[in-house]
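Going down the list, the protein sequences come from chains Y and H.
Under the working numbering, the first residue of the first sequence carries the number 1, and numbering increases by one thereafter.
Under the working numbering, the first residue of the second sequence carries the number 1, and numbering increases by one thereafter.
Since the hints were made in silico from the structure, they are not lab data.
All of these numbers come straight from a predicted model, not from anything done at the bench.
Where is the CB? At the ideal position from N, CA and C, for every residue including glycine.
Among the clues, some could well be false.
Said to hold, decoys possible - Below are the DSS-like pairs computed for lysine-lysine, each with C-alpha atoms no more than 25 angstroms apart in a straight line:
id	chain 1	residue 1	chain 2	residue 2
1	H	74	Y	226
2	Y	105	Y	81
3	Y	46	Y	74
4	H	197	Y	206
5	Y	206	H	187
6	H	246	Y	246
Stated by the list, open to error - Derived CB-CB ranges, DEER-like:
id	chain 1	residue 1	chain 2	residue 2	range
7	H	71	Y	157	48 to 54 angstroms
8	Y	46	H	126	42 to 48 angstroms
9	Y	140	H	210	54 to 60 angstroms
10	H	237	Y	46	21 to 27 angstroms
11	H	121	Y	256	20 to 26 angstroms
12	Y	229	H	137	32 to 38 angstroms
13	H	36	Y	214	23 to 29 angstroms
14	H	236	Y	232	18 to 24 angstroms
15	H	100	Y	253	25 to 31 angstroms
Number of protein chains: 2
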Amino acid sequence: MLKVVCLGAGRLAHQLMPALEEAGCHIVQVYNRSSFAAQELADKLKSTTFTADINQVLPDADLYFLTVSDDAIKPVAAELKNLISADAIGVHCSGSLSLDVLPFKRKAGFYPLQSFSANHEVSWRWIPLIITAPDEDIWQLLDAIAGQLSSSVYRMTDEQKSVLHVAAVFANNFSNHMLTLAENICKEHGLPFEILKPLILETFSKAILSGPRDSQTGPAVRRDQKTIEKHLYLLADHPQLTAIYKAITNSIVENS
Amino acid sequence: MLKVVCLGAGRLAHQLMPALEEAGCHIVQVYNRSSFAAQELADKLKSTTFTADINQVLPDADLYFLTVSDDAIKPVAAELKNLISADAIGVHCSGSLSLDVLPFKRKAGFYPLQSFSANHEVSWRWIPLIITAPDEDIWQLLDAIAGQLSSSVYRMTDEQKSVLHVAAVFANNFSNHMLTLAENICKEHGLPFEILKPLILETFSKAILSGPRDSQTGPAVRRDQKTIEKHLYLLADHPQLTAIYKAITNSIVENS
Numbered sequence: 001m002l003k004v005v006c007l008g009a010g011r012l013a014h015q016l017m018p019a020l021e022e023a024g025c026h027i028v029q030v031y032n033r034s035s036f037a038a039q040e041l042a043d044k045l046k047s048t049t050f051t052a053d054i055n056q057v058l059p060d061a062d063l064y065f066l067t068v069s070d071d072a073i074k075p076v077a078a079e080l081k082n083l084i085s086a087d088a089i090g091v092h093c094s095g096s097l098s099l100d101v102l103p104f105k106r107k108a109g110f111y112p113l114q115s116f117s118a119n120h121e122v123s124w125r126w127i128p129l130i131i132t133a134p135d136e137d138i139w140q141l142l143d144a145i146a147g148q149l150s151s152s153v154y155r156m157t158d159e160q161k162s163v164l165h166v167a168a169v170f171a172n173n174f175s176n177h178m179l180t181l182a183e184n185i186c187k188e189h190g191l192p193f194e195i196l197k198p199l200i201l202e203t204f205s206k207a208i209l210s211g212p213r214d215s216q217t218g219p220a221v222r223r224d225q226k227t228i229e230k231h232l233y234l235l236a237d238h239p240q241l242t243a244i245y246k247a248i249t250n251s252i253v254e255n256s
Numbered sequence: 001m002l003k004v005v006c007l008g009a010g011r012l013a014h015q016l017m018p019a020l021e022e023a024g025c026h027i028v029q030v031y032n033r034s035s036f037a038a039q040e041l042a043d044k045l046k047s048t049t050f051t052a053d054i055n056q057v058l059p060d061a062d063l064y065f066l067t068v069s070d071d072a073i074k075p076v077a078a079e080l081k082n083l084i085s086a087d088a089i090g091v092h093c094s095g096s097l098s099l100d101v102l103p104f105k106r107k108a109g110f111y112p113l114q115s116f117s118a119n120h121e122v123s124w125r126w127i128p129l130i131i132t133a134p135d136e137d138i139w140q141l142l143d144a145i146a147g148q149l150s151s152s153v154y155r156m157t158d159e160q161k162s163v164l165h166v167a168a169v170f171a172n173n174f175s176n177h178m179l180t181l182a183e184n185i186c187k188e189h190g191l192p193f194e195i196l197k198p199l200i201l202e203t204f205s206k207a208i209l210s211g212p213r214d215s216q217t218g219p220a221v222r223r224d225q226k227t228i229e230k231h232l233y234l235l236a237d238h239p240q241l242t243a244i245y246k247a248i249t250n251s252i253v254e255n256s
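Build out the structure end to end from the sequences listed, making use of the hints.
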């Protein structure tokens with residue numbers, strides 16, 4: 001049975017470690033700066049110890065999963081390097097960082113392409129798992145584990161993963177921010193955001209089913225200059241909204 | 001039974017007229033510039049005639065629904081005015097136009113806040129219907145009809161409806177375009193857009209359930225300057241994507 005140490009006890013670790021356990025791994029230890037957080041996660045797992053002292057991290061596990069935030073990966077990995085066997089595999093879960101940040105001889109990236117919340121359980125079956133692993137044997141090991149969690153496992157280079165991460169920012173962060181701006185506009189004029197929810201649901205169902213390009217509607221794709229000017233007039237007091245409106249409108253026109 | 005004439009036979013008319021029939025209206029006639037399109041819609045309805053000659057529009061209906069495109073509303077309404085009784089009510093279905101474009105004495109707006117496709121039937125029950133009607137009796141008449149179609153009927157002024165229309169552009173057109181840009185980035189690098197679909201589904205479920213502001217994730221809301229710079233470097237060959245990336249990133253920072 002593969003022995004796994006989990007470094008970090010945040011939202012991702014809380015969802016990933018039970019899934020790795022299901023896939024047959026033994027999570028032997030959870031490390032976190034906060035002893036309370038480390039224990040909280042360890043309590044969710046079977047026969048797992050915990051520590052808040054990195055020097056107490058068990059040296060003989062097979063896999064060390066760094067689930068800490070991007071900023072903490074490099075410093076935690078640097079400390080970890082001196083504590084573990086040279087054959088152990090160090091794995092980070094970042095979408096944006098390359099493998100260069102890991103000082104280990106044997107290393108990999110294990111990036112679940114999903115947005116994790118504290119209070120919302122995800123279904124691993126549908127989460128694409130992006131694996132970066134220059135060594136063939138490490139790829140095979142992680143592919144075998146990943147295949148038990150999810151039905152879509154991809155091996156990518158660091159460069160491909162970086163591009164995918166930018167695409168994910170547009171697909172998730174930026175599309176969500178468009179909804180926030182819509183909500184702001186409604187609130188400012190005393191209109192309930194609820195009115196927009198059926199439209200939002202339809203937008204995303206269509207984009208998933210027919211593809212976003214074929215689903216584009218609205219004044220920009222129609223080149224409806226009158227409506228665009230009316231909208232810019234209504235947004236005139238908001239220079240930032242105006243700038244976003246113009247930039248996206250131009251982009252829709254050029255893409256259609 | 002209320003007698004309705006439908007002017008226009010596009011996607012909206014194809015979904016709205018059968019629904020009005022269900023609500024107890026008699027669609028007496030469909031007018032469309034193309035006789036073929038007029039007949040196609042009339043054939044879907046009960047005892048409905050059709051014409052491609054506006055001078056043949058029946059003069060004695062109660063309601064004239066202008067479902068034509070925004071650009072056509074004004075010219076079609078101008079021709080219609082001389083043909084129908086002064087008591088008839090002219091109704092347009094535009095989200096962006098005010099009632100000023102209608103030359104009738106008795107008039108209203110009936111705007112279903114949804115994006116209609118040819119090949120995708122919508123469920124009227126969940127579509128917000130926005131009614132603009134300065135006359136109390138016309139509001140009551142349309143509210144009674146609308147209430148049979150949908151469980152969310154709103155009376156608004158032209159000004160409120162304009163604001164809602166801008167918000168809808170952000171919520172639908174602009175969020176959808178973010179998905180198109182994500183697809184473009186994937187395609188350019190040979191990555192399948194499919195990988196992003198689970199993330200997209202999660203994005204919109206969360207925004208609907210928890211609200212978009214609380215659901216915001218990503219480098220901008222974390223003020224993760226390193227990742228933002230890496231993304232801008234990856235987008236350096238695409239000035240338009242870069243401009244959009246910067247504008248939305250700044251807006252997320254200012255809104256959080």
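We went through each hint and held it up to the structure:
no., hint, in the structure
1, 74/H <-> 226/Y, "holds, 13 angstroms"
2, 105/Y <-> 81/Y, "holds, 9 angstroms"
3, 46/Y <-> 74/Y, "violated, 29 angstroms"
4, 197/H <-> 206/Y, "holds, 12 angstroms"
5, 206/Y <-> 187/H, "holds, 19 angstroms"
6, 246/H <-> 246/Y, "holds, 13 angstroms"
7, 71/H <-> 157/Y: 48 to 54 angstroms, "holds, 49 angstroms"
8, 46/Y <-> 126/H: 42 to 48 angstroms, "holds, 44 angstroms"
9, 140/Y <-> 210/H: 54 to 60 angstroms, "violated, 39 angstroms"
10, 237/H <-> 46/Y: 21 to 27 angstroms, "violated, 50 angstroms"
11, 121/H <-> 256/Y: 20 to 26 angstroms, "holds, 25 angstroms"
12, 229/Y <-> 137/H: 32 to 38 angstroms, "holds, 34 angstroms"
13, 36/H <-> 214/Y: 23 to 29 angstroms, "holds, 24 angstroms"
14, 236/H <-> 232/Y: 18 to 24 angstroms, "violated, 29 angstroms"
15, 100/H <-> 253/Y: 25 to 31 angstroms, "holds, 27 angstroms"
Checked against the numbered hints above, the structure violates hints 3, 9, 10, 14; every other hint is satisfied.
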